[in-house]
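With chain A held as given, fit chain B onto it using these hints.
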Amino acid sequence: MSTILSRKSCRAAAVIWAALLFCTLAAGFARAGIADGVKTKTLSNGLRVLVLENHKAPVATFNVFYHVGSRNEQFGRTGISHLLEHLMFRGTKKYGPDEFSNIIQENGGMDNAYTTADYTCYFVNINKDHLDVPISLEADRMANFAPQGFESERAVVIEERRMRTEDKPEDALDEQTRAAAFVEHPYHWPVIGWMQDIRRLTLDDVYAYHSIYYSPQNAVIVTVGDFKADQVMKQIEEAFSGIKNGPKPPPMPIVEPEQRGERRIELLHAADLPAFQEGFHVPNFKAGSDAYALEVAGEVLADGKSSRLYRRLVMEKRMVVDINAGLDIRSFDPDLFLFAAQMRPGVKTEDALAEVDREIAELRDHLVSADELQKAKNLEAAQFVFGQDSVFNQAMWLGIYELLGDYRQVDAYLPGIDKVTAADVQRVVRKYLVGDNRTTGVLIPTGMLPKGAMGGGPSGGQVRHIDLTTDEVAR
Amino acid sequence: MIPRMNWILKSILASCLVLAAAESAHALDIKRMTLTNGATLLVSENHQLPMVTVAIALDAGSLRDPPGKAGLAMLTAGSVNQGTRELSATAFDEKVDFMGSSLFVGADHDYATAGFTALKRYEKETLGLLAGILSSPGLRDADIDRKRAEQVAGIKAAEEEPGYIAAVAFAKGLYGDTPYGHLTTGTSDSVAKLSNDDVRNFYRDYYRLGSAVIAVAGDVDASEVKALLEKSLPGPGGAVGAQPQPTVPALAAGLDIKLIDRNVQQANVMLGFIGIARSNPDYYKIQVMNYILGGGMFASRLMKTVRSKAGLAYHVSSIFDARKFPGPFVAVLQTKNQSANEAIKMVLQQMRQMQESPVSDPELDNARKFLVGSFPLKIDRQEQIAEFMLKVELDGLGLDYAERYPKLIESVTKQDVLEAARKYLHPDDALLVVVANQHAAAINTAMLNQTAAGAGGGK
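Top to bottom, those sequences are chains A and B. At position 228 of the first sequence the residue is numbered 228 (the working numbering), and the sequence of numbers has no breaks. At position 423 of the second sequence the residue is numbered 423 (the working numbering), and the sequence of numbers has no breaks.
It cannot be assumed that every hint is accurate.
The calculated DSS-like cross-link candidates involving lysine-lysine, where the alpha carbons are at most 27 Å apart (straight line), are [as the list claims (entries may be wrong)]: (1) 304(B) x 94(A); (2) 156(B) x 317(A); (3) 156(B) x 128(A); (4) 309(B) x 369(B); (5) 156(B) x 93(A).
If you're looking for bench data, these hints aren't it; they were derived computationally from the structure. All values derive from a computational prediction rather than experimental measurement.
In isolation and in its complexed conformation, chain B is listed as follows:
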C-alpha cells in the first residue's frame, strides 16, 4: 500500500539537495525559445528512450491564495485536471490512461505546475490533452464539488500524521495570515468555504498561458515541439501582475514554543525561523553552511550527533527552503517522546556551534565536493531535467548556470560559512513546534530557552 505521503515533509525533503553543476560531456544543451503568445519554452533533447516529459509552470501557486481562501490554488489545480469543455472528466481520464501517460496538475507555494510523461508515440495526443485542460478546462460544478470534498477529506486524513500537524502549526507560527502561513492544502474549514466561482476566478486570473514557462525533455525535436505548442497552446495571453512581497509579522523575542498534544509515541519537532529567498546573494554560502549543519545527510553535524552518536532519532535534518520570497529554515526530527528535550537541545547547540567557531577544513572541503560532484545525479532522469529547466528560468539562473555553479560553490570560504551562520541562523529567536504526547515529552521550556541563548546550556 502506498502510504499517503506527508505532502509537506515530502516537499521539504525533496528539495533538500540543491542543484549543482553539469558536465560538458552530457550537457543538457538547453534551447530557449519564446512562443508567440509570450510563453517561454526550454527544450533539452535526448533520444535514448522513446519517451517525453513536459512540465509547465504558472504563476498560480498558493502565494496567490486570497486572504481567507487558503487552499484555493490547490483546489483550482485539482479542478483543472477534470476534463475540458468538450471532454468529461471520466472521458479525459480514460484517454490518458489508455495511452499509459501519466499526467498531473498541482500547486506548490510559488507556482502551479502541470505536465506529463508519455511514450514518444503518444506525445502529440497527450500534449493535446494537457493543452486542452489548461486552455479550456471544464470546471463543471459537479467536478469542483467532488474535488473540494476530496481535498477536505485529504486534509482530515493528513491530520493523523504528526508531521503534517507540525508543518501546519509551523507555517502559521512563522508567517501568520500571510500566504506562506498556510500549507498549499489549506485547512478543512477554509477549503470547505471555497465556492465554485472562486475556482473559476482563480483560473481566469492566474492560468495565463502567455506567461507560462514550459520545459520539455526527452525524445523530441525542439522546433517540432515548438510548432506543436504554438498550435495547441494559444491560451489566454497577457502576463499576471507582479506580486509584492508580503509583510510578515515578527516573531516574539526568544524561543516561541508551540506544544501540540497528540496520542503518538514520537515527538515530531520542527525548529526554525524565516530564512531566505532564492534570489538572496548569499544563497551558495548558505547551502554550504547548511550542508555541514543538517543538510548533508550522514555527513551533517545534526545526523552525527543526534542519530549516530546518541541514537535519538532515525531522521534529523535541516533545510533552507529558498522560495520566491523568503521561505523557512527548519530543522526537523522525530524522537521518542521522552527524549524530545535532549534532542532539541542538541539541535540548538549545533546551531550555536556553527555561529561560534569556524567549520573545519575537511568539513568545508567535503561539503563543496559533494555539492559540486553530485550534480549529475540530480539531472539524471527526464523528470529531473524538466524540473531543472523550470528552475533555471523561474529563478533567473541563466542557461549557463550549470557551468557557473562549481565556481559559485568552490569560492565559499570558512569565513563565509561562519558569517552565513551568524547572519541566517537564529537559535535564540526561533519558533519551536513539538507535536507529541506532551505528558510524556514534558518539554522543559526554561532549559531550552537557556540553551537557545547560549547561557549555561552545557556545551
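Chain A extracted, bound-state conformation:
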C-alpha cells in the first residue's frame, strides 16, 4: 500500500521515486525470519544499533532514524522536523554546508534523508569498503550540528512546498482532507508544514529542536550490507558512544477523539480534473488482527489489475485512470484508510464515490471468496520477498519496527496477514469503513489557464469547508 508516500517529505527529488517503488513493494522479509540475523546493541548513551549482514551485492546501507516527525510538532511551528532535516546537510562545527554529501559522493556513495509524520531517516548507500565514511559523518552531525545558510535553506523548503503541494492538486487535496479528518492529533498538519509556519521558524527554534530530539537516546542506527557485523558494530560504538544526550523528549500523548459523523470538505484549486480522497479512521498494527484484516481489505480493493476497485472504476466504468486504497499499518498512531482517485474528463466525483461506496457495501454484505482471500495473501507474500531484494528496504523496515517498539515485529507481518479470515475482513469493514467515520475531500478544479492578469497571487489553496463538525481546520 502506498499511503505513506503523501506523508513523506524529503531533501531531494530523486528519493521520491525510490520511495514510490518501495511503497508498492510493501514490506520486505521472507518467512525464515529476517530478524534472526540482526545483531543489536544499546550503547551506554541509550543509542540502539541494529546490524545485519547481507552478502547479495558489494554494497551497504547506513541509516540513522530519529524518533521525531511532524507528529511531535506544535501548532504554529509545523514543518520544523523537515526543515531541521534539510539543515542537517548545511554543516557542522567541523564541516561546511553540503560537505556531507560531497564527501559521500567522492566515496561513490549516495545520501539523502526523508521526514515522515512519525520519524526522520538519514541514509547513505555506499560501496561496502567505505562504510566508515558515513559512520563518522553521521556521528559528527548528531553531536556537532552547526548549520550555515538558514535563510536560503528555508527558501529551498518553500520551493519544495510549492512544487510538492501548491502546484500538485492531488497533494493539496490530501493535505486538506487530513486536516479535516484529524482535529486534535498532529496528523492534522502536513509533514512539510504550513507555508506561514515555515516562514516563521527561526534558527533558534531549530537548534532547540535538535537538542531535544537528535540525541542518542532518541535514535536508532540500522545498517545492512556486505560486511562483518561484529566489526561494523565496533566501529559504530567507537564513533557514537561518546555523544551526550540532551533533554529527554517530551511524550506525545494526544489521541484523536472519536469522529462522530461524516465530514466533507471542498478544495478549489488550479486544475482541470476533479479528484476525491476519502479517509476512515483505523487502528495501526499495535491493535493486532484488525489492522491485518484492513490490510487484506486494501489488497482486495485495490492491489493489482484484478482488484475490485480497479476492475469496476478503471476497466468497467472507465471513470478514473487509477485508484488507490489502503492504509499504512506501521503508522505510529492510528491513521486513515484512504481512497483516492482523479476523475477522467467529464466524470463527476459523486458518481465515482458512489461506486466506491458500492464496493465497500459489497465487502460489508458478503464474505470474500476463499480464492480472493488467497490471492490477497499471495500478493502480500510475494511483495514481502521482492522487498528483500534491496538492502535499503530491509534497513527501512527494521528501523520502523524498532521505533515502534521491537524490530522483531517485522517477522510478525506475514503470519498476521496469514491469519486473516473472510469473516475478519467483513468485521473490520463493518466496524471502520462506515459513513460516520468518513471524511471526504473533493477537489473542484478552477482551471489551469490563468484568468486575465492573475498577477503574482496564489494559484490555489482556497478552501471551502462544508458541514464540518468543528471549525478547527478553518484557521
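Just chain B now, with coordinates in the frame of chain A:
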C-alpha cells in the same frame, strides 16, 4: 496516494546516473546465448532470494511511431498486455495477481520492454503468461478501445502537471515532427485517432521475438531458463528492418524561447538542445563534464549555485539523455514564478563557465571517483541487473563493460572536459521552455539572450 508520476521527468531523472563498473567479488557473471528463433538471451544467476526478474526489449519504441500516429508504440504495448487469444484480459490479470507476480509491458523512446518479477515457484507459469501475450496477444477491439480511452485520459491528467506540459513543448521544439518530437504518450488528439488496425499492424511489424533481447536475473539456472524460453517463446522470427536516423530541423540561431502560461506558483524550466547518441565516442567525457555541471546532485555546480547558495529551487539538474539517435541535453528546474529570470540566468552562466575555464582538480577527481565508485549501487537489485544487461546488449557495450568502465572514466582529463563542454554545450543556441504564470514570471528575453551569448551577462 501515489501521485501519478510525471512520466517524462521520471524517466529523465531515472536515467540521470550512468552505469559504472562492477567489482569482481560480486561479478554478475553474465552468460550470453542465442535462441533458435534468433533472440539474444543474457542470464545472471543469483540464488540468494527465491525470486526471478525477466526483461525483454523489442525494437518497438516510439521511434517507430509512424508520422501522425504519435503514441502508437505505447498504445500497442498497453494493448498487448490485455490477455491472449485464449485468455481474456480479466482472466489474464487474475492469474498474474494470484501468483503475486508483477508483470508489465511498456514503451520507451527507443524500445518496448516487457517483463516481470515473480517468486521462483511461479517462474514457469509467469513466463508462460508473458510469452503468451507477446507471441499471441488477444488484441481484441474492446480491449484496444479501452486502452486508447485510458491513454487519452492519462494525457489529459498529465496536462495538469507543469513538468509534463514543459516536456511536451521541449520535445516538439527540439525535434519537430520527427519521432523524438513527441513523448511516448503521444497527444490526446493523435491517440484518439489511432485505429485498432494501427495497433495490430504495429504489433505485427515490430513485436518480432526473433530479434528480441531477453535478460534474466535471479534464482534461475541459465540452461533451464534457455530451454524454457525455447519452448514458450518461439514467436515470429526475422529481424525488424534497421531505421535510418531521422533528419531533424535545425534550431533558429540564438535562444529560442517558448513561454506557456499556466495557473501555477512555480516556473517549470527546461533549457537544452540536441545532445548525443549513446554510441558517441565522447560519451564518457560528457558524463564527467555533466556530472560537474548538473548531473552530480549536491556536488554539481547547478545545485551549488541555484539551490544551495541562492535558495531559488528545490530541484535543479542537467542530463545528456543518450539514446539510439542523438537525444536531448536538458537542464531542468522549478522556481517561484518571480525568480525564473534569475535562475535561468544562473544556469546559462554555469554552462558558459564550463566552456570558458577548466574545471578544478578536485572537481574532476571527485566526479571520476563517484562515477566509478557508485557502480555497485546501480546493479544491486534484480530489476537493475536485468536493465543493465539489456543496455550492455542493446548499446553494444560488451560483456566486459563492467571491467572496462573504470578506465573509460579515469582516463578523462580536464582538457577533455573543457573540450566536451565547448563541443556539446550550446547555451547561445538553445531552446528554453518556461511553463509559468507568465505575468508573474515576466521573462526578460533580452537579458537572457545576452547572458546566453556571454555578453555583459554579469559573471
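Could you grab the alpha-carbon distance between residue 156(B) and residue 93(A) and see if it respects the 27 Å cut-off? violated (50 Å)
For the pair we were handed, residue 156(B) and residue 317(A), check the Cα-Cα distance against 27 Å. The given pair, whose Cα atoms are some 18 Å apart, holds under the 27 Å limit.
Residue 304(B) and residue 94(A): Cα distance at most 27 Å? holds (19 Å)
What's the verdict on residue 309(B) and residue 369(B), does the C-alpha distance respect the 27 Å limit or exceed it? holds (24 Å)
For the pair supplied as a hint, residue 156(B) and residue 128(A), confirm whether the alpha-carbon distance does not exceed 27 Å. violated (45 Å)
Hint check: violations occur at hints 3 and 5; the rest are consistent with the structure.
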